[in-house]
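S.K.: So the sequence lines, in the order shown, correspond to chains B and G. In terms of the working numbering, the first sequence opens at residue 1 and continues consecutively. In terms of the working numbering, the second sequence opens at residue 413 and continues consecutively.
Just so you know, the hints here were simulated from the structure itself, not pulled from any lab data. Hints are supplied without guarantee of correctness; some may be wrong.
[Claimed, not checked] Straight-line alpha carbon distances no greater than 30 angstroms define the calculated BS3-like cross-link-like pairs of lysine-lysine that follow:
1. B/Lys408 x G/Lys517
2. B/Lys94 x G/Lys517
3. G/Lys517 x B/Lys405
4. G/Lys426 x G/Lys517
5. G/Lys426 x G/Lys491
6. G/Lys517 x G/Lys488
7. G/Lys426 x B/Lys405
8. B/Lys408 x G/Lys488
9. G/Lys517 x G/Lys491
10. G/Lys426 x G/Lys488
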Amino acid sequence: MPSVAESRLSVRADFPIFERRFGGAPLIYLDSGATAQKPRAVIEALAAHLAEHNANIHRGVYPLAQEADAAFESARDRIAAFTGAEPKATIFTKNATEAINLVARSYGAARLGPGDAVLITQMEHHANLVPWQQICRERGAELRYLEVDEHGELSLAQLDAELARGDVRIVAFAHVSNVLGTINPVAEIAARARAARAVTLVDGAQAVPQMPVDVQALGADFYAWTGHKAVGPTGIGVLHGRRELLDAMDPFLTGGDMIASVSQLETTWNELPFKFEAGTPPIAEAVGLAAAVDYLSGLGMERVREHERELTELMLARLAEVPGVRAVGPPAGRERGALVSFTVEGMHPHDIAELLGREGVCVRAGHHCAQPLMRCLGVAATARASLGVYNEESDVDALVAALAKGQKVFGI
Amino acid sequence: MDDLYRDYILEHYKRPRNFGELEPHDLEALEHNPLCGDELGVHIRVDGDHIEEIRFHGHGCAISQAAASIASEELKGMKLEEVGELDADWMIELLGIPVSATRRKCALLNLKVVRGAVTGDNGWPT
Numbered sequence: 001m002p003s004v005a006e007s008r009l010s011v012r013a014d015f016p017i018f019e020r021r022f023g024g025a026p027l028i029y030l031d032s033g034a035t036a037q038k039p040r041a042v043i044e045a046l047a048a049h050l051a052e053h054n055a056n057i058h059r060g061v062y063p064l065a066q067e068a069d070a071a072f073e074s075a076r077d078r079i080a081a082f083t084g085a086e087p088k089a090t091i092f093t094k095n096a097t098e099a100i101n102l103v104a105r106s107y108g109a110a111r112l113g114p115g116d117a118v119l120i121t122q123m124e125h126h127a128n129l130v131p132w133q134q135i136c137r138e139r140g141a142e143l144r145y146l147e148v149d150e151h152g153e154l155s156l157a158q159l160d161a162e163l164a165r166g167d168v169r170i171v172a173f174a175h176v177s178n179v180l181g182t183i184n185p186v187a188e189i190a191a192r193a194r195a196a197r198a199v200t201l202v203d204g205a206q207a208v209p210q211m212p213v214d215v216q217a218l219g220a221d222f223y224a225w226t227g228h229k230a231v232g233p234t235g236i237g238v239l240h241g242r243r244e245l246l247d248a249m250d251p252f253l254t255g256g257d258m259i260a261s262v263s264q265l266e267t268t269w270n271e272l273p274f275k276f277e278a279g280t281p282p283i284a285e286a287v288g289l290a291a292a293v294d295y296l297s298g299l300g301m302e303r304v305r306e307h308e309r310e311l312t313e314l315m316l317a318r319l320a321e322v323p324g325v326r327a328v329g330p331p332a333g334r335e336r337g338a339l340v341s342f343t344v345e346g347m348h349p350h351d352i353a354e355l356l357g358r359e360g361v362c363v364r365a366g367h368h369c370a371q372p373l374m375r376c377l378g379v380a381a382t383a384r385a386s387l388g389v390y391n392e393e394s395d396v397d398a399l400v401a402a403l404a405k406g407q408k409v410f411g412i
Numbered sequence: 413m414d415d416l417y418r419d420y421i422l423e424h425y426k427r428p429r430n431f432g433e434l435e436p437h438d439l440e441a442l443e444h445n446p447l448c449g450d451e452l453g454v455h456i457r458v459d460g461d462h463i464e465e466i467r468f469h470g471h472g473c474a475i476s477q478a479a480a481s482i483a484s485e486e487l488k489g490m491k492l493e494e495v496g497e498l499d500a501d502w503m504i505e506l507l508g509i510p511v512s513a514t515r516r517k518c519a520l521l522n523l524k525v526v527r528g529a530v531t532g533d534n535g536w537p538t
């Protein structure tokens, strides 16, 4: 174990938003699971691209257009390298949701039919649930769920039993749950699915910002994530796919840039990754996201994980000391991602979030786009405090103090 | 004293009036707040042209539960045609607290449900 001094990051000064004051109070941002704040390096890279290198890509022959092309493809290379992926099999989308829809449509819809099953889990975000519901309904396939146990974890035994039925074609699951914080064993699930000739899609929206991710080592067939949670801009998501699968798939969206040639009645598709990037892609956003992954690489993802792991453990321990607070997800001592969802007896999560907000403490309240999971947990909603690289121990102190103050308002 | 969480709001939240189910009932509706997944249902017994008895059920935040509780006392005895005329301002004024844009749906969910049960129009009150 590295010492606290070695593993703790102190990077708040890199993020201009923390200079803001809310009624004189500093910003205590505990909602990075929804979207992360942006470091100066990202803001400047975006601005510099728009100010100095802006042109459309893949069509211009003038020098400025060549600069834009180079910036865009360099961004793709750096983003792919960050997650251990191949650039040609790294597709830019609008967000993780679109990346998952791309797979559900272009892979799922063409290959699923009656007698086939898609296996997802009870902890999925609606983004990795509703697309499969739709595709299964359209294709007459069955949608089945892996259950979440009392620790907020999946059972590999249940996975094996499901796969043994022989009808599972696709296994789709979150790398890190956005509600429970559970870190799922991606490599093990992917290996078992492959042995059963099912493809895997991993929703990595919560994982990529907080831990080292090497998609080739994990062995999943598709891996989706989003830029804005990884200290990058909104408007850009990423899909990594196994090249032979992507090659065999039809496009998701069609239009400009994704074609090789178009005649009045027929079109042939462009090569990867362009086949899946119809229309003008998020160019400036790609440049911004590349700056984001460069920033995170500079910190070191092992260190980011260690920093956030320590803070999460601290937060879990401090929340446990507050009477009436119940945390959901893996209990203390088990691996978990950098968030804690919790309920407070006698207070609705919305009221918790409102009262914390007055103290400058930003948490999310609600079902976190995971209504089926909420039903499994037997709660209507939770409050969720999620961490980013810029959080410090004082943020946990502020959370606990604001919570106690809020309970006082409610006469608890 | 807290501006939003006034004593009477918390009192209605902790001990809501007319909470529960009503059997038999003539009208009913159930709605969700898509923001938070909260659920609010209403049962209404009609006598001629007015609400004779009203009960609401479900779960929600202090604002939505207090709104339902406070409104239920006003709605009892109200003519059905008057219920159809009730608007967002009626509910907000009745609550008597400054409701921010983000909590507006919490405050109005109850009226949406009641109007839906009475008139069949389940749009958000304006």
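S.K.: If a hint holds in the structure, say so; if it doesn't, say that too.
M.R.: Hints, one by one, checked against the model:
For the suggested pair B/Lys408 and G/Lys517, the alpha carbons sit about 25 angstroms apart, so the restraint of at most 30 angstroms is met. Using a Cα cut-off of 30 angstroms, the hinted pair B/Lys94 and G/Lys517 holds, with the two alpha carbons roughly 29 angstroms apart. Taking the CA atoms of G/Lys517 and B/Lys405, the gap is about 25 angstroms. The hint holds against a cut of 30 angstroms. A C-alpha spacing of about 20 angstroms is found between G/Lys426 and G/Lys517, which places the hinted pair at or below 30 angstroms, so the restraint holds.
At roughly 28 angstroms between alpha-carbon atoms, G/Lys426 and G/Lys491 fall within 30 angstroms of each other, so this suggested pair holds. At most 30 angstroms may separate the alpha-carbon atoms for a hinted pair to count; G/Lys517 and G/Lys488 meet this at roughly 22 angstroms. Proximity of G/Lys426 to B/Lys405 is assessed by CA-CA distance (about 18 angstroms); at most 30 angstroms being required, the pair is judged to hold. For the hint pairing B/Lys408 with G/Lys488, the CA-to-CA distance comes to about 33 angstroms; that exceeds 30 angstroms, so the pair is violated.
For the hint linking G/Lys517 to G/Lys491, the alpha-carbon distance of about 25 angstroms falls within 30 angstroms, and the restraint holds. Our distance criterion of 30 angstroms between C-alpha atoms is met by G/Lys426 and G/Lys488, whose separation comes to about 21 angstroms.
Against the hints set out earlier in the document, a violation occurs for number 8 only.
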